[in-house]
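As you go down the protein sequences, you meet chains A and B in turn. For what it's worth, numbering that gives the first Met the number 0 labels the leading residue of the first sequence as 0, then goes sequentially. For what it's worth, numbering that gives the first Met the number 0 labels the leading residue of the second sequence as 0, then goes sequentially.
Because the hints were derived from the structure by calculation, they are not lab data. One thing to keep in mind: the hints can contain errors.
Quick list of in silico lysine-lysine cross-link-like pairs, DSS-like style, CA-CA up to 25 Å [said to hold, decoys possible]:
1. Lys-89(B) - Lys-351(A)
2. Lys-86(A) - Lys-89(B)
3. Lys-287(A) - Lys-40(A)
4. Lys-351(A) - Lys-200(A)
5. Lys-147(A) - Lys-220(A)
6. Lys-157(A) - Lys-143(A)
7. Lys-76(A) - Lys-65(A)
8. Lys-65(A) - Lys-86(A)
9. Lys-116(A) - Lys-89(B)
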Amino acid sequence: MPALPHLLKKLIPGLGVLLLAAWGMAACKERSGSAATSVTKDIELLNVSYDPTRELFVAINEAFAKQWKTKTGQRVKIKQSHGGSGKQARAVIDGLEADVVTLALAHDVDSIADRAKLIAPDWQNRLPGHAAPYTSTIAFLVRKGNPKGIHDWSDLVKPGVRVITPNPKTSGAARWNYLAAWGFVLKSELGDMAAAHRAEKAGELAAAERKARAFMVALFKNVPVLDSGARGATTTFTNRGIGDVLINWENEILLATQQMGDGFEMVMPPTSIRAEPAVSVVDKNVDKHGTRAAAEAYLQFLYSDEGQAIGVKHHYRPQAAAPGAARRESDFPQVELFTLEDVAESWRAAQKTHFDDGGVFDQIYEPQSR
Amino acid sequence: MRTRGVLPGFRLTMGYTSLYLGLLVLVPLSALLFKAGSMGPVEFWRVVTHPRTLAAYRLTFGASALSAIINAVMGLLLAWVLVRYRFFGKSIVDAIVDLPFALPTAVAGIAMTTAYTENGWLGAPLARLGIQVAFAPLGIVVVLTFVGLPFVVRTVQPVLEELDPDLEEAAAVLGATRWQAFRLVVLPTLVPPLLTGFTLAFARAVGEYGSVVFISGNMPMRTEIAPLLIVTKLEQYDYAGATAIAVMLLGTSFVILLAINALGRWSQRAHV
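Excised from the complex, chain B in its bound form:
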């Protein structure tokens, strides 16, 4: 990396990149840090390690991870169906995948809550089985899965389209079962896009607020997500406390995303 590259224009493009990132991300975020810095380290630590804050972090990261995992599995399946099969109404299904992007999340939250409350179309039969979705942690996972749905599909789909079916045929000719061909030939190529999709879905879920507050019930210690706790603090004019929680949320997300990216690079190197 340190040797002079063949491709010209590194300084120019890198300069613009830093300016762009600086204006868009780093300056606003350092304002956040500055605000959080207005409280002492002891006070900061007290706010971010408060049992209620910790419960909110656990819920936010737990539900986000769970929904991203569900999306990784189901998104792979969806992408597979969309790429490998022809069927009537395929383009409609393809368009439906993007709906969660277009829909304002508050609308999604209200619609999901209506469907999943104990009197809703889906909630009523589930309630009879003793499963509570709306106003329980499960409801949060459901909406987060909804808002993260397109990410994995849209990252896996193009890679899968590029993947030559000849490779699988070759594997079959060489005596591999269909499962072996999928596991040893197809899946390794799909790991990087799967990880990217997972990362995006996860990051999206951590920051999601609009849809969750409708379905979660917002009970402290039980169904209160970290972004809601931030808003609650703001309502009480506790700007410093709110930014402290936000800084911690951001820092943890950053570390997790960095780790997933590293995992992605490692898996690429291991397989290619």
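This is chain A alone, in the form it adopts within the complex:
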């Protein structure tokens, strides 16, 4: 039977992978086990976050640990995990024992609450400002001298302009980019954004949404690459030299201009969206670990004067209700900001209309399905 050794040969790589996976799982189990038992004196928190917050949380963690030590005498060590926001949420749903999540958008925290029931459904009301301790907006990065003359969202659909934005199916930032562009059209069609909610203007709204849909088709026609995450898109634009304009988080763009120096400049469109990353304690996990007090204090710290100052230093706009917000906001480029609620009722609604299978984004690429 010559087929047998043949098959075995094929199976060897598979065996290796499986063994590795089993070993990895065992190692993970061991680690989480020890984390659960080390509650006595020192305490450990796991903060599961999205991609561009690495530098921010290194600074925050250090400051919070110092404050917590003087306040309670307890030493707290905070571990960070970063990645695409949706991927991180899925990791928590699948069993990564995060004490707090600090993700790119409320929808990802909603998913943890809805699917795994690890977070109380009313999580967004437990902290001020929709549980967004720092905010940001969506801006453009262009090549030095702005050769294509990009100043506003309408410039992105001009023929010959190549736009870099990640895939909204997989990237939180890309969903903000997308909704910012969508909101731009609604705003220029309807004027007052609040009109988007008024039932008596339903006809006008429908017309504006048709325009917005056409705008999105034109916009994505200019997109040559769909990276899966925000950092990947930045790399495509800056390192590979693809595209004329990158749409991304303001904080990511400010960081890029700071680190890359020449070669790029930031363009702030006249209007954009107030992007609100979302934070929450993961109720089931903190109760299991006995870390609720520290985890809640950690999130509160983000709202404190010190926490807000660190946020601004890392290019995050302040939370409106926090002390000194107006002064800090004035350090950022001027822009008129609309909110997610102006564009769509809620994240759940936005997700359903635009990003779920068969939604508006899919229709952009699948003209035959409509």
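Place chain B on chain A using the hints.
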């Protein structure tokens, strides 16, 4: 086959083989089927026949087949050079062949993308000729060819080493041209290892994800491979949809591999 063989230990070895295959392959894969079964047949059919899914399947199988064919031809040439000639640095070339195995595929993907974008070392001159490699289907074929490179070389090489050059000499003495000797004497012996190498390279390419996502550009309907579509579905918590696409991918691969194996056996019988 059904008669009692002379070789003892059939039951024992077969028992272990089934246990081994069962634990490693069949149990995890039946979990996959079970998961896909959580959606109804209508829904399953809708997901796997969606235009975007079909486009992804076409791309995955097309690019994989193309890269495996390239590898079969170039791998044969490489093996030939490595076996039949002596030259300076041969052992280094021999080691280079295995590099695609050792390199994490994401690293390969990033390196290939850097080289083949329109500003890259290789991409820039190609772009001037109007050929786009990175962020186009061609780029996918290039990386899949890269990751599948060692398979054909490593399956053909030992057979070629065993092949006695006397046979070719005999053919030459009997009046065959060099081409005839190669085509009628050498090539038939190499068909089974070539097919095996082709199969391995093809199967590897169908499942490849890490390197492709960097170079493909991931545009729906155009450069989106089936494994990426699966990951995208997972990102949206659509576990059932993801497994449906995976089951279809797996089923099709299985049928193709079975067919190639049958072809291999048939060619062996036809020539030996």
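Which of the numbered hints are not met once you compare them with the structure shown? 1, 2, 8, 9
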